[in-house]
Amino acid sequence: MFWIIFATALALLGGLAGWTIGDGGASALAFTIVGGALALSVRDLKRHHHAIVAITIIATTLGWRFAGLEYGLVLGVLAVAIQVSINEFVQRQSVALPVSLGLTFLAWWLGWHFISEMAGLIFALMTFLTQVAVHDYFLQRKHTIRRNFPLIGWCRYGFELIGDELRQYWFMSDTEEAPYNRVTRRYIYRSAKGINNNLGFGTQRKYNQEGEIHILPGLFPIPDTERMGNRLPALVIGAKRRKPYHCPWPINISGMSWGALSAEAVQALSSGAKLANIHMLTGEGGLTPYHLDGVVKRVETDKKTRWQVRKLLSSLSFGLVSVPAEPTGEVVGGGRIIVQLGPAKFGFRKSVTRAIAEQTLRGIYRFAGQAMEQPFTMLDLDKVRQVAENDQIVGFELKLAQGAKPGQGGKLPKEKITPELALWRGIPQNEDCYSPNAWDEFNDVPSLFRFVKLMQETTGKPVGIKIVVGREEAIEEIARYMKESGEAPDWITIDGGEGGTGAAPVDLADRAGLPILHAIPIVDNILRKHGVRDETVLIASGQIARGDDVAIAIAMGADMVNIGRGNLIAEGCIMALRCHTNQCPTGITTQDPRLRRGLDPQDKYVKVANYNMVLQRSLLMFLKTAGVRTPWELTRAHLSVVTAPMVEKRMDELHPYPDGSNGKRNPVLGEVPQDDPESSDRFGPKLIKIEAIK
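Counting in my numbering, the sequence shown runs from 1 upward without gaps.
Be careful, since some hints might not be right.
Cut-off 27 Å, straight-line C-alpha distance, at most; resulting in silico cross-link-like pairs (BS3-like, lysine-lysine) [stated by the list, open to error]: (1) Lys311 - Lys350; (2) Lys664 - Lys297; (3) Lys142 - Lys304; (4) Lys649 - Lys240; (5) Lys297 - Lys311; (6) Lys350 - Lys193; (7) Lys243 - Lys350; (8) Lys303 - Lys689; (9) Lys142 - Lys303; (10) Lys206 - Lys483; (11) Lys206 - Lys649; (12) Lys453 - Lys483; (13) Lys142 - Lys297; (14) Lys483 - Lys664; (15) Lys649 - Lys529; (16) Lys240 - Lys414; (17) Lys686 - Lys624; (18) Lys240 - Lys411; (19) Lys240 - Lys206; (20) Lys243 - Lys383; (21) Lys689 - Lys193; (22) Lys649 - Lys664; (23) Lys689 - Lys624; (24) Lys411 - Lys350; (25) Lys686 - Lys142; (26) Lys529 - Lys383; (27) Lys453 - Lys383; (28) Lys411 - Lys304; (29) Lys689 - Lys304; (30) Lys243 - Lys206; (31) Lys686 - Lys297; (32) Lys142 - Lys206; (33) Lys193 - Lys529; (34) Lys414 - Lys350; (35) Lys453 - Lys243; (36) Lys350 - Lys383; (37) Lys686 - Lys240; (38) Lys483 - Lys414; (39) Lys240 - Lys383.
Note that these hints are calculated values from the structure, not bench results.
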């Protein structure tokens, strides 16, 4: 599309120049053709220069020989234009360029011939812009902004082209924006597209600034020519459960609910997780078909056309021509799912009548001097048990708090609550939905652990908890109870205070909760001090976006990471900061059908997969750099931090291990997967070419 705009613009400028300095329409036509042809030849001479140059020379020579030099030059540029159009159609199977140029030139000729030369240029410009708008809004699906805002969306790309210059002289630098600076966003965008995300001229980070963390390389890195170096053993979560989860990669997608996100965004995340061989959390909004089924591909145009023709023939022949079943789109399917449950228990609440009946029965038992075995809960354990039978569900997470708003429940603004959402969650449509900020089933560590055990026994699958670290005494109490009872959640997700959300009070988001890199060593050290570190898996979440973020979080003491906003950026998020308004311009955090239509999950799920596979490749790269073979061999000794000008300390000195282990951990690991050269190379999983996905 860029080349269409460039070629047509140059053609129009050429026509205007020819009309101005020449002797009328003939000169304008000649200059128009020359401008368009030269613009298009810039690209195609690189790819097909031998054939194009040869045919152009032949055409020019023949024209010169039989009609003179001027005709020879015109015939030469016409030959270039024709060859470019043919190549556009044959190589890319796209008629957009030849059709667009043809209609533009036709409009120019009609305006010039019947009205005036200037009218021809105006007609050509309007015809071209109309074609771009139609293409943006109806035909292309890869660029959400252009699909939602045709023509206007091109301004964004234009400003991006001169963004470096504008920032260098007028505005902020690449490293100043928050919560994710331009360097990080560019890394994610390019990773998602599977293209080169390297940099030139060195890092833009203030490498010796106070607080900067450095990963310390080993003297002898692990050779990346070792095939074993591109794979990892699975981390076994919930080894004591009836159905443990063998997690292939320690990088997964954080919980983001349908409601906060559009259905299309959820579908893309789920199918992207499947393609990258990772799992995703549902968020507290509950498990939906969008999580389970993922993306459903569109029916190919030729198949749909053939079916419609057969249907028409059947009608005309009064049923003599049989009609096959209507073609349906291929279901890509969703990835592995961890169901997140919050205090509101969306999708898993008991009905009011059932709750009243149970409470009545409980009163009868109490009157008879007996007690029911299970504590009363509004959580429908039968439904939980039924969902757990699905092999796609690999675990359940109890959300105690969220980093962006600890102490407050989730909030879904009424602008986002559609009739479908209201029905699914069982909430009113015309008022904001506030989830409770605390569970009814537990209010201290012993009751929390009893409920975790109930969930583990009910589902037979791993059950974890999600917390935000505040005072250390609370973590001490959890560790002591783990030691005394022998029970433990199968994982603890630590959400940093810098975590994201669709809607949160700004003062709570700005001030409450420890940052993730502060919180990880606190929890890790307390568990080590009580001798229960290996009884659970630690998962870090909160503004982790790049491969170095992953490696640092794991070296600090986490076993895995969850990433939320990074995956939204991979889907096309431009950080418009309108998540809470239902006006997300990219269709990701909105329920507005007009904006959602711009988000094509069939395109985005591949980008989500690519982004996560780039993170996998990056983690493997850092392991080789540090001279270790698994992520769980990384320790704080592999990190240093700048503490003052010209002063740097190793992280294990700042956060020493209390048990003399030097950071050693003993996770339960599965087998290393078999080598698969088809899907991986020496650096890790192979990325997917976007052009190959239709």
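These are the hints, each one checked on the structure:
For the given pair, Lys311 sits about 47 Å from Lys350 by alpha-carbon distance, which is inconsistent with the 27 Å threshold. Of the supplied pair hints, the one linking Lys664 and Lys297 is violated, its CA atoms being roughly 46 Å apart against a limit of 27 Å. For the given pair, Lys142 sits about 21 Å from Lys304 by alpha-carbon distance, which is consistent with the 27 Å threshold. For the hint linking Lys649 to Lys240, the alpha-carbon distance of about 39 Å lies beyond 27 Å, and the restraint is violated.
Between Lys297 and Lys311, the direct Cα distance comes to roughly 22 Å. Compliance with the 27 Å bound is thereby established for this hinted pair. Between Lys350 and Lys193 the alpha-carbon distance is near 44 Å, which puts this suggested pair outside the 27 Å criterion. About 26 Å separates the Cα atoms of Lys243 and Lys350, which keeps this hinted pair within 27 Å; it holds. At roughly 24 Å between alpha-carbon atoms, Lys303 and Lys689 fall within 27 Å of each other, so this suggested pair holds.
Using a Cα cut-off of 27 Å, the hinted pair Lys142 and Lys303 holds, with the two alpha carbons roughly 22 Å apart. Restraint check: the Cα-Cα separation between Lys206 and Lys483 comes to about 44 Å, which exceeds 27 Å; the hinted pair is violated. Taking the CA atoms of Lys206 and Lys649, the gap is near 17 Å; set against the 27 Å cutoff, the hint holds. Taking the CA atoms of Lys453 and Lys483, the gap is about 15 Å. The hint holds against a cut of 27 Å.
The straight-line distance between the Cα atoms of Lys142 and Lys297 is roughly 14 Å, inside the 27 Å bound, and the hint therefore holds. For the suggested pair Lys483 and Lys664, the alpha carbons sit about 19 Å apart, so the restraint of at most 27 Å is met. Of the supplied pair hints, the one linking Lys649 and Lys529 holds, its CA atoms being roughly 23 Å apart against a limit of 27 Å. For the hint linking Lys240 to Lys414, the alpha-carbon distance of about 42 Å lies beyond 27 Å, and the restraint is violated.
The straight-line distance between the Cα atoms of Lys686 and Lys624 is roughly 18 Å, inside the 27 Å bound, and the hint therefore holds. Between Lys240 and Lys411 the CA atoms are separated by roughly 35 Å; this puts the pair beyond 27 Å, and the hint is violated. Our distance criterion of 27 Å between C-alpha atoms is broken by Lys240 and Lys206, whose separation comes to about 46 Å. Distance restraint check for Lys243 and Lys383: the Cα-Cα separation of roughly 18 Å lies within the 27 Å cut-off, and the hinted pair is therefore satisfied.
Among the hinted pairs, Lys689 with Lys193 is consistent with the structure: their alpha-carbon atoms are about 8 Å apart, no more than 27 Å. As the CA atoms of Lys649 and Lys664 are separated by approximately 20 Å, the hinted pair is consistent with the 27 Å bound. Proposed proximity of Lys689 and Lys624 is supported: the alpha carbons are some 26 Å apart, at most 27 Å. Proximity of Lys411 to Lys350 is assessed by CA-CA distance (about 21 Å); at most 27 Å being required, the pair is judged to hold.
About 21 Å separates the Cα atoms of Lys686 and Lys142, which keeps this hinted pair within 27 Å; it holds. As the CA atoms of Lys529 and Lys383 are separated by approximately 39 Å, the hinted pair breaks the 27 Å bound. Pair hint Lys453 plus Lys383 holds up; C-alpha atoms about 17 Å apart against a cutoff of 27 Å. A distance of roughly 42 Å separates the Cα atoms of Lys411 and Lys304; the hinted pair therefore is violated under the 27 Å criterion.
As the CA atoms of Lys689 and Lys304 are separated by approximately 26 Å, the hinted pair is consistent with the 27 Å bound. Between Lys243 and Lys206 the CA atoms are separated by roughly 47 Å; this puts the pair beyond 27 Å, and the hint is violated. Proposed proximity of Lys686 and Lys297 is supported: the alpha carbons are some 22 Å apart, at most 27 Å. About 35 Å separates the Cα atoms of Lys142 and Lys206, which puts this hinted pair outside 27 Å; it is violated.
Note on Lys193 and Lys529: the hinted pairing is violated, with a Cα-Cα distance of about 44 Å set against a maximum of 27 Å. As the CA atoms of Lys414 and Lys350 are separated by approximately 24 Å, the hinted pair is consistent with the 27 Å bound. Between Lys453 and Lys243, the direct Cα distance comes to roughly 15 Å. Compliance with the 27 Å bound is thereby established for this hinted pair. Under the criterion of a C-alpha separation no larger than 27 Å, the hint pairing Lys350 with Lys383 is consistent with the structure, at around 9 Å.
For the proposed pair Lys686 and Lys240, the alpha carbon gap of about 34 Å is over 27 Å, so the pair is violated. With a C-alpha separation of about 45 Å, the suggested pairing of Lys483 with Lys414 is violated against the 27 Å cut-off. For a cut-off of 27 Å, the pair hint linking Lys240 to Lys383 stands: about 23 Å separates their Cα positions.
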